[in-house]
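Protein chains in written order, with the working numbering: chain A, 752 to 1232; chain B, 752 to 1232.
Mixed in with the good hints, there may be bad ones.
Just so you know, same-sequence chains aren't split out, so a pair can sit in one copy or run between any two.
What the hints assert, rightly or not - In silico DSS-like pairs for lysine-lysine, Cα to Cα no more than 27 angstroms straight-line: (1) Lys933 / Lys1174; (2) Lys1170 / Lys898; (3) Lys883 / Lys937; (4) Lys929 / Lys1216; (5) Lys1171 / Lys832; (6) Lys822 / Lys798; (7) Lys1128 / Lys798.
Quick caveat, the hints were computed from the structure, so don't treat them as lab data.
2 protein chains.
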Amino acid sequence: MPELPLVDAIIQYTKENNAPFSMPGHKSGRGFLETTEGKNLYDNFIKGDITEVEGLDNLHHPEGVIAEAQKLLSEFYGSKKSYFLVNGSSSGNLAMIFSSFNEGDKVIIERNCHRSVLNGVILRKLRPVYVKNKFNNIYNAPISVNKEHFLQVVNENKDAKGIIVTYPNYYGVCVNLKFIIKEAEKYNMKVLVDSAHGAHFGVCEGLPESAVRLGAHMVVMSAHKTLPSLTQTAYLHVSDKADIDRVDFYVSSLLSTSPSYMLMASMDYARFYLDKYGKETFESLLSTANNYRKKINDIGFFHVISKKELIENNLSGLSNDIYDLDESRYIINIPKGYSGEKLLMYLRDEGIQAEMSDESNVVLIFSPFNHEEDFEKLYQVLCKCNIEKIKNEIGSSEIIICDLPNIKLLPYEVLLKEKKSVKFEMSEGLICAEAVVPYPPGIPIIMPGEVYSDEVIKAIKYYDKNKSVVLGVKNGCVKFV
Amino acid sequence: MPELPLVDAIIQYTKENNAPFSMPGHKSGRGFLETTEGKNLYDNFIKGDITEVEGLDNLHHPEGVIAEAQKLLSEFYGSKKSYFLVNGSSSGNLAMIFSSFNEGDKVIIERNCHRSVLNGVILRKLRPVYVKNKFNNIYNAPISVNKEHFLQVVNENKDAKGIIVTYPNYYGVCVNLKFIIKEAEKYNMKVLVDSAHGAHFGVCEGLPESAVRLGAHMVVMSAHKTLPSLTQTAYLHVSDKADIDRVDFYVSSLLSTSPSYMLMASMDYARFYLDKYGKETFESLLSTANNYRKKINDIGFFHVISKKELIENNLSGLSNDIYDLDESRYIINIPKGYSGEKLLMYLRDEGIQAEMSDESNVVLIFSPFNHEEDFEKLYQVLCKCNIEKIKNEIGSSEIIICDLPNIKLLPYEVLLKEKKSVKFEMSEGLICAEAVVPYPPGIPIIMPGEVYSDEVIKAIKYYDKNKSVVLGVKNGCVKFV
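Next up, chain A with everything else stripped away, as it sits in the complex (with noise of 0.2 angstroms):
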């Protein structure tokens, strides 16, 4: 074993040197580097990573710059109060759901939701009532909800205290969340957005409205996924019907005392950079995507979707359920028979560097400091890709989608039960102990005291398969009840 496992590992990562196309949004510093004030703050990170000492105030009591820096950040966005969380968007929708939830509420939330939000109905006792991802058979892709199912779980559920929603998935592609929120307010219901991939949204035309403008109770964003601001940060909004002392108390719980200044300024920075220079830069951003969509979408083999056909096109007759889509990602989609995971790796090889893939796509995140000699590598390596050395070797299968399986205990009362584990082969009609998510997406397939059913079995099986990380899964077993 080496002496420094995890620091050669980076170091070796970074002399790749491959196109950024993931995250975090500054692009190997490139988001500091390329403005003056940004230039100042990176070449001052580790120097200025300091304890709280006179002048530089306290984050879990600010009355001096983090005060004014939060200000400055709600007023950009449109809040009532903004939160720098140094533990990136996880502990804010931690802290979402405990402030705005007591144990025993019922909880209407999309499947399609964060790992951290399922924690959150775990640690705080909640009586989940999930909401269904609709799913594109053409793009082979989990896209947005129906509003038909939408409506029918509101109206099953009056006495759901809320609704949690994510905006936008991983694809970039928005549930309606205009729509949403109305209805949620005919009965009452709070509305909490894991925005954490929309951080840059209304900024200029092209993108999507931004949670907090659409009238989101609380809505977490990322700074570090399309911002310029190092990875683990995040910004928490609330709207006036939030009950800040609650908010203020566990906002402070679930972070450090000892917050990094260095995640901190790159916050402060994130903030002033899209205020400053966003709109301009992200427009530019856009335009270079678009040209570079229709590019690639010539060499004929790759499809780039755009928003156009995804939904003026009224693909699948869908234009009832999704909202918009951001352009300032990829979901570059191939036929079926062929990898996402291996174009993936294709990419990786080539020096580029892609977010995420499914087994039909890969998504790939931009910023404005991907200019177009970024966008041209990723081209001209598409041109040269050969096919053939990204067909699916075991066979294209369809994505297995299975129905919601059925609950037999609440999360949390797992939680203290003895668990054993089994081969996930052999699990039908156990209750599931542990969730079993597949990374990326991280959508669950099945969650702490639901059913193991042949549909869930063959989906884990599916994911198994593709080489995904499995969260729950270990050595073929899962844990059950």
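For chain A, the structure is supplied; the task is to place chain B on it using the hints.
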């Protein structure tokens, strides 16, 4: 308001070029720059701020380089399993509490515990029984736990499920952890140790023994406080008595699913540094600190407390209670009538950053990256100090140590009730709704559910007057239910 309030303040601070006697342990980057391996990491920190790409493993499902790095960490400290925490010791304290105790459990807690432990008590709905801390009248500081008092609390609460101890405290004073563990084992109580300030313990002979080696059930250590690691990094060590599945779940729930590779890499490096260089460099540090302690004490006004006088000389009959003192930090004690806070400000004006102050002391934290130049600068600055300037103008006052307030409600019961505000002078008899914690040193005066007394009010007044940051007090008001 400036456009970048936090960034500007940090950059301004770095320009002061203070001798770094505060956290973090890398001391303005020196801890990386002074070794070949660290320099290599330093040069790649921002470029290496990347997401979970192929080859870099996944903190929430470690099977590659992160698993290897955590294994080396575990081997070095002698634990059953060790974890990288990217959300500080705060997240480790919560994870220890959640995985070790169930709701309603009675737990014995040193009152001098960190705020995150108290948050854990609330969130986990524990029934806390507090052990008072002993106060040293000569040094005007809280120092340890009285053995008889401790035994009495244990004997009266044999049904407690565990004991939570701070080892060492902010001043470097160590309770007799070996004794506490032996007592706890008699009643099958778990011992959880907040060793945030003790990550370097045991690396050379002059330092106290590591809490892990002493047999604690679970131990949290801040990597950033005394080791060359970035702020907000911590280690969690668990023994073979812990339920690893539960620990895995809670650790994962409390950490960002986008953990910073910068933070993780610095934790890998800090363990490596300690293993490869720690014995020699900490020995050298202790020797330098020892020499300068004598020189500073010879000045005649300042008094740096030594292990010998605190323990061996049996000051105040405390020999039974104190186990050890970490001499890799200074408690600079000054005579009554002078202000620790003013001394800290004087040092800062002269280019020396201390860690914290109370009325009678200034605490400085060292690491092997504080070389003789730093100590010499400190010595010179103390030599030329005009002691008239650090007189306590508001008149010296005995620090107010109030007895533990009466408990009317359990901490978590308070959380759901409506809170009101009142001037703290008017709070007598009311039930506290929000902990009042002077920072530093972070010891709560009153906890939610406890009753404001005349003594409590005097203690709040004391800290308010002495200009500490007092969490829970806003515009002279405290919260009650």
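(message) Cα distance capped at 27 angstroms. Does Lys1171 pair with Lys832 within a copy, between copies, both, or neither?
(response) Only across copies: Lys1171 and Lys832 sit 20 angstroms apart there, 45 angstroms inside one copy, limit 27 angstroms.
(request) If the cutoff is 27 angstroms on CA atoms, where do Lys822 and Lys798 land: within, between, both or neither? Let me know, please. (result) Classified as within; 26 angstroms inside a copy, 30 angstroms across copies.
(request) Pop the pair Lys1128 and Lys798 into one bin, within, between, both or neither, using alpha-carbon distances up to 27 angstroms. (result) between (35 angstroms within a copy, 20 angstroms between copies)
(request) Please work out whether the CA atoms of Lys883 and Lys937 approach to 27 angstroms or closer within one copy, between two copies, in both situations, or in neither? (result) Intra 21 angstroms, inter 52 angstroms, cutoff 27 angstroms: intra-copy only.
(message) Treating 27 angstroms as the Cα threshold, decide for Lys929 and Lys1216: within, between, both or neither.
(response) neither (39 angstroms within a copy, 50 angstroms between copies)
(message) When Cα atoms must be at most 27 angstroms apart, do Lys1170 and Lys898 count as within-copy, between-copy, both, or neither?
(response) neither (38 angstroms within a copy, 40 angstroms between copies)
(message) When Cα atoms must be at most 27 angstroms apart, do Lys933 and Lys1174 count as within-copy, between-copy, both, or neither?
(response) For Lys933 and Lys1174, neither the intra-copy (45 angstroms) nor the inter-copy (41 angstroms) Cα distance is at most 27 angstroms.
Comparing the model with each earlier hint shows violations of hints 1, 2, 4; every other hint is respected.
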